[in-house]
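> Sequences and hints are given; from them, build the entire structure.
Keeping their order, the protein sequence lines are chains A and B.
All letters in the first sequence, in the order written, are residues 646 to 1142 by the numbering used here.
All letters in the second sequence, in the order written, are residues 367 to 671 by the numbering used here.
Hints may be right or wrong, so weigh each one.
In the SDA-like style, the derived pairs of lysine to any residue whose C-alpha atoms are separated by at most 20 Å in a straight line are [what the hints assert, rightly or not]:
| id | chain 1 | residue 1 | chain 2 | residue 2 |
| --- | --- | --- | --- | --- |
| 1 | A | LYS831 | A | LEU814 |
| 2 | A | LYS831 | A | GLY804 |
| 3 | B | LYS493 | A | ALA1136 |
| 4 | B | LYS622 | A | THR913 |
| 5 | B | LYS493 | A | HIS1137 |
| 6 | B | LYS588 | A | SER1103 |
| 7 | B | LYS622 | A | PRO910 |
| 8 | A | LYS1007 | A | HIS1137 |
| 9 | B | LYS435 | A | ALA1139 |
| 10 | B | LYS465 | A | THR907 |
| 11 | B | LYS435 | A | ASP974 |
| 12 | B | LYS524 | B | GLN478 |
| 13 | B | LYS435 | A | GLN976 |
| 14 | A | LYS1107 | B | PHE425 |
| 15 | B | LYS622 | B | LEU598 |
| 16 | B | LYS588 | A | PHE1017 |
| 17 | B | LYS493 | A | SER1103 |
| 18 | B | LYS435 | A | THR913 |
| 19 | A | LYS831 | A | PHE1017 |
| 20 | A | LYS1007 | B | GLY452 |
| 21 | B | LYS389 | A | PRO908 |
| 22 | A | LYS831 | A | GLU844 |
| 23 | A | LYS823 | B | GLY469 |
| 24 | B | LYS465 | A | LYS1107 |
| 25 | B | LYS435 | A | SER1103 |
| 26 | B | LYS588 | A | TRP1065 |
| 27 | B | LYS435 | A | SER968 |
| 28 | B | LYS435 | A | PHE970 |
| 29 | B | LYS465 | A | PHE970 |
| 30 | B | LYS435 | A | PRO910 |
Derived by calculation from the structure, the hints in this document are not laboratory data.
Here the structure is a predicted model, which means the values were calculated and not measured.
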Amino acid sequence: MKKLFTAGLASALCLGTFALPAQDANEAVKKQMEQMQENFNRALKEQREYFEKVIGAQSNKIDALTRQVEGTQQKQAEAAAKEKLKAEIESALAAQPKPAAPAVEVKQPWSPAQAIPLVKAGSAYMNISFDALMAAGSSTAGDPAAQLQLGDHDPLRRGFSLRNAEIALDGAVDPYFKGFANIVLKLDKNNDTAIELEETYLQSTSLPGGLQLKAGQFFAAFGRQNPQHPHQWAFVDAPIILTRAFGPDGLRNVGAQLSWLTPLPFYTEAFLGVFNGEGGTAHSFRNAGEPDAAGTLRYAGRATLGQHLSSGADLLFAPRIASSFDLSDTQTLLAGVSAAFGPNDTGANSRTEIYGADLFWKWKPTTAHAGFPFVSWQTEFLYRRFGAGADATAVPVLPAENITDWGFYSQLAWGFTERWVAGLRGEFVSGNNATFDRMDVFRGDRTRVSPALTFFPSEFSKVRLQYNYDHGQNFGDDHSVWLQLEFMLGAHGAHKY
Amino acid sequence: MTMKTLLSTLLALLGLAATAGAKLNVVATTPDFGAIAKEIGGDKIDLTTLAKPTEDPHFVDAKPSFIVKLSRADALIEGGAELEVGWLPPLVEGARNSKLEAGKPGRILCNQGLALLEVPTSLDRSKGDIHAAGNPHYTTDPANAKICAATIAGALAKLDPKSADYFQANLVKFTARLDAKLAEWQKLLEPAKGKRIVTYHNSWPYFAARFGLKMDLFLEPKPGIPPTPSHLAEVITRVKAENIRAIVVEPHLNRKTAEAVAGHTGAVLLDFAPYPGGAKGTEGGYIEWMDTLVHSLAKGFATAK
Chain A
646 MKKLFTAGLA SALCLGTFAL PAQDANEAVK KQMEQMQENF NRALKEQREY FEKVIGAQSN
706 KIDALTRQVE GTQQKQAEAA AKEKLKAEIE SALAAQPKPA APAVEVKQPW SPAQAIPLVK
766 AGSAYMNISF DALMAAGSST AGDPAAQLQL GDHDPLRRGF SLRNAEIALD GAVDPYFKGF
826 ANIVLKLDKN NDTAIELEET YLQSTSLPGG LQLKAGQFFA AFGRQNPQHP HQWAFVDAPI
886 ILTRAFGPDG LRNVGAQLSW LTPLPFYTEA FLGVFNGEGG TAHSFRNAGE PDAAGTLRYA
946 GRATLGQHLS SGADLLFAPR IASSFDLSDT QTLLAGVSAA FGPNDTGANS RTEIYGADLF
1006 WKWKPTTAHA GFPFVSWQTE FLYRRFGAGA DATAVPVLPA ENITDWGFYS QLAWGFTERW
1066 VAGLRGEFVS GNNATFDRMD VFRGDRTRVS PALTFFPSEF SKVRLQYNYD HGQNFGDDHS
1126 VWLQLEFMLG AHGAHKY
Chain B
367 MTMKTLLSTL LALLGLAATA GAKLNVVATT PDFGAIAKEI GGDKIDLTTL AKPTEDPHFV
427 DAKPSFIVKL SRADALIEGG AELEVGWLPP LVEGARNSKL EAGKPGRILC NQGLALLEVP
487 TSLDRSKGDI HAAGNPHYTT DPANAKICAA TIAGALAKLD PKSADYFQAN LVKFTARLDA
547 KLAEWQKLLE PAKGKRIVTY HNSWPYFAAR FGLKMDLFLE PKPGIPPTPS HLAEVITRVK
607 AENIRAIVVE PHLNRKTAEA VAGHTGAVLL DFAPYPGGAK GTEGGYIEWM DTLVHSLAKG
667 FATAK
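This is the structure in structure tokens:
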């Protein structure tokens, strides 16, 4: 429009300067002049329409403002302001118009009574939140963390524990990436603080073809619960089979993941994660294990070799595929199969394979309020084959053998009324009779049943009471009661389904 | 199958998904935006609305099927005032659709050009669930719906310039119908002007401001905090003292609580659909919805003692 206007102006100037044209060219020039005049008029018309639009938008804003106030005095004042603004814009139109870019927003006139929003979520560069999970309770087991509560964020001991105080950051890095960080602080048995860089990763936002890339330290997309942070869990502790397959911390490591949202008519996403697969957070893989009395690092009874990544074959690969179906307006099903393959540290060519299947079903009526009522059912099945190397120096001597574990948990959550959730979880784990079994009393068959009741005073806090009945093949019955408390501050990014 | 044929099959599938239908694929977060988009887009758009009309819009589940819908969308219409903040971000992130990136013409924010009410001066969660950008239930004012319609028409015209005139014509039609109706509604609600009405949640301040009503007494003690007996007792006392005649409740809220207050006070209980399609008679669209609300309220005031 600016161009058009300039052209019009130039034509107008031409009208004045090109005087006394030759007689025979008169007709052509006349036509040209008419054309120029037309251009000029059109430009003016457009200019006027634009300003009318601006005035219109302004009027709308003022209308909206007017609605907010009561009393005729203010209305009169605003009507006057509106008139004044109209006059201003009209005089601007009458004067030599310097067209503003159409994208410029007309600012609202400020009034002293108007609220000034100082902080707005969404106006910050990132979401910043702090979430603390605490537990209090007791168990018939003297040292619950040694045999019963194997998750790193589980209650640690009789009495009070604080095992997950988490700072979560997330936001857009630039138009191409989103960034996430989860820094977890936890108190150990000496009340000393341990820090863990739980997750720190970059995620692409603009790859074509339904692809998404993730890079950094993050939870592997294995099953349903592994990638979730403890405050999303429906129970106080980690399922036993997850701690057997992935250790206390879950499967998370430094690496990269490519995921693909397939063009199928229903949700189907395929993931492939590639990780170093080293350390305690790759528990069943290149994990040096724990020191024995002599200080030798051992895993599954074998002295570990301390091998590090040297070729592509040493990487940990974690593929997954998940699909979801809306069974009706009120019911949704999400199911997936996952796997993880990689070397372990008990032999030069020892490898581990883990397979999993997961199912999540949820019912929520279309008239639910604040997310209640609902019923959800979540089940995971895992199988691990740990190819252990031979250790001739171990007592007794350990041969090369396959140690297999399998197990499942199945949990039901019923949000029976607003703010209240009743839950019931059943678990069973088992495995083969490996030579190594004789040395580990906790490895035999194990059953756990956990009823829980959770109260959410708001979305930002919860109180949960859970009872665990434990039965171990080698340690008999145990009973535990845990009370969990959570609070969250700040803006926390919304969770996935 | 060789790698090459596999790759070409995949590409063909992707191409199929991209070119299916010349209509714009539009996704609206809530049914009010959906209804307005339908008025403007008519048969030139394929419309999907994520939240159900009876559903609590603050707590919609981020179902994976929504990710699929968003991955194929040409445009996403959202409120832009944090109503959907608990469920929309992971969906958009999962959809990985570059057309819906913030700032692109396909990302349509309906709050543009609107002055929102109740913008908090400080953010303090001890006051309950507050929305930092202001009260997000703004389409309950028909004047805001007009601006919203203009925003949608402008965005759709950018996405499908060939149909720009069609969208513009629909906008003019819709605005004219709405203007005519608005005058009628204002007349109908004349007897209720200045009167106080109890509502369950603070969802109707824009509606109240438009029609000169006072909808500032809530069954919830604080936004998002369920009614407590002591707060309800206070409300009942005020309803009696001020002779308040109507209580408004939405389908996703606890009707029993509202019934109890109505029973104690003799006030009329009015079922307000939060969105077009949320109650019988409101399925037709935005104007039909508003029409039902206004008539219900007018009738309520006519029958109340």
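> Hints first: check each against the structure and report whether it holds.
Here's how the hints hold up against the structure:
1. A/LYS831 to A/LEU814: Holds, at about 18 Å.
2. A/LYS831 to A/GLY804: Answer holds: A/LYS831 to A/GLY804 is near 15 Å, not above 20 Å.
3. B/LYS493 to A/ALA1136: Distance ~16 Å between B/LYS493 and A/ALA1136 Cα, so the pair holds.
4. B/LYS622 to A/THR913: Violated - the C-alpha atoms of A/THR913 and B/LYS622 are around 41 Å apart, more than 20 Å.
5. B/LYS493 to A/HIS1137: With a Cα-Cα distance of about 18 Å, the restraint between B/LYS493 and A/HIS1137 holds, given a limit of 20 Å.
6. B/LYS588 to A/SER1103: holds, 11 Å
7. B/LYS622 to A/PRO910: Not OK: B/LYS622 and A/PRO910 at ~41 Å, beyond 20 Å, violated.
8. A/LYS1007 to A/HIS1137: violated, 23 Å
9. B/LYS435 to A/ALA1139: Distance ~19 Å between B/LYS435 and A/ALA1139 Cα, so the pair holds.
10. B/LYS465 to A/THR907: Holds, at about 17 Å.
11. B/LYS435 to A/ASP974: holds, 15 Å
12. B/LYS524 to B/GLN478: holds, 16 Å
13. B/LYS435 to A/GLN976: Roughly 17 Å separates the two Cα atoms, so the pair holds.
14. A/LYS1107 to B/PHE425: holds, 17 Å
15. B/LYS622 to B/LEU598: holds, 12 Å
16. B/LYS588 to A/PHE1017: Cα-Cα ~18 Å, so holds.
17. B/LYS493 to A/SER1103: Answer holds: B/LYS493 to A/SER1103 is near 12 Å, not above 20 Å.
18. B/LYS435 to A/THR913: holds, 12 Å
19. A/LYS831 to A/PHE1017: Violated, because 32 Å separates the two Cα atoms, which is more than 20 Å.
20. A/LYS1007 to B/GLY452: holds, 18 Å
21. B/LYS389 to A/PRO908: With Cα atoms ~19 Å apart, B/LYS389 and A/PRO908 stay inside 20 Å; holds.
22. A/LYS831 to A/GLU844: Measuring from Cα to Cα gives roughly 15 Å; hence the hint holds.
23. A/LYS823 to B/GLY469: holds, 16 Å
24. B/LYS465 to A/LYS1107: The hint is violated at about 38 Å.
25. B/LYS435 to A/SER1103: violated, 31 Å
26. B/LYS588 to A/TRP1065: holds, 19 Å
27. B/LYS435 to A/SER968: Given that 20 Å is the threshold and the Cα spacing comes to 14 Å, the pair holds.
28. B/LYS435 to A/PHE970: With a Cα-Cα distance of about 13 Å, the restraint between B/LYS435 and A/PHE970 holds, given a limit of 20 Å.
29. B/LYS465 to A/PHE970: Violated. B/LYS465 to A/PHE970 sits at ~25 Å, over the 20 Å cutoff.
30. B/LYS435 to A/PRO910: holds, 9 Å
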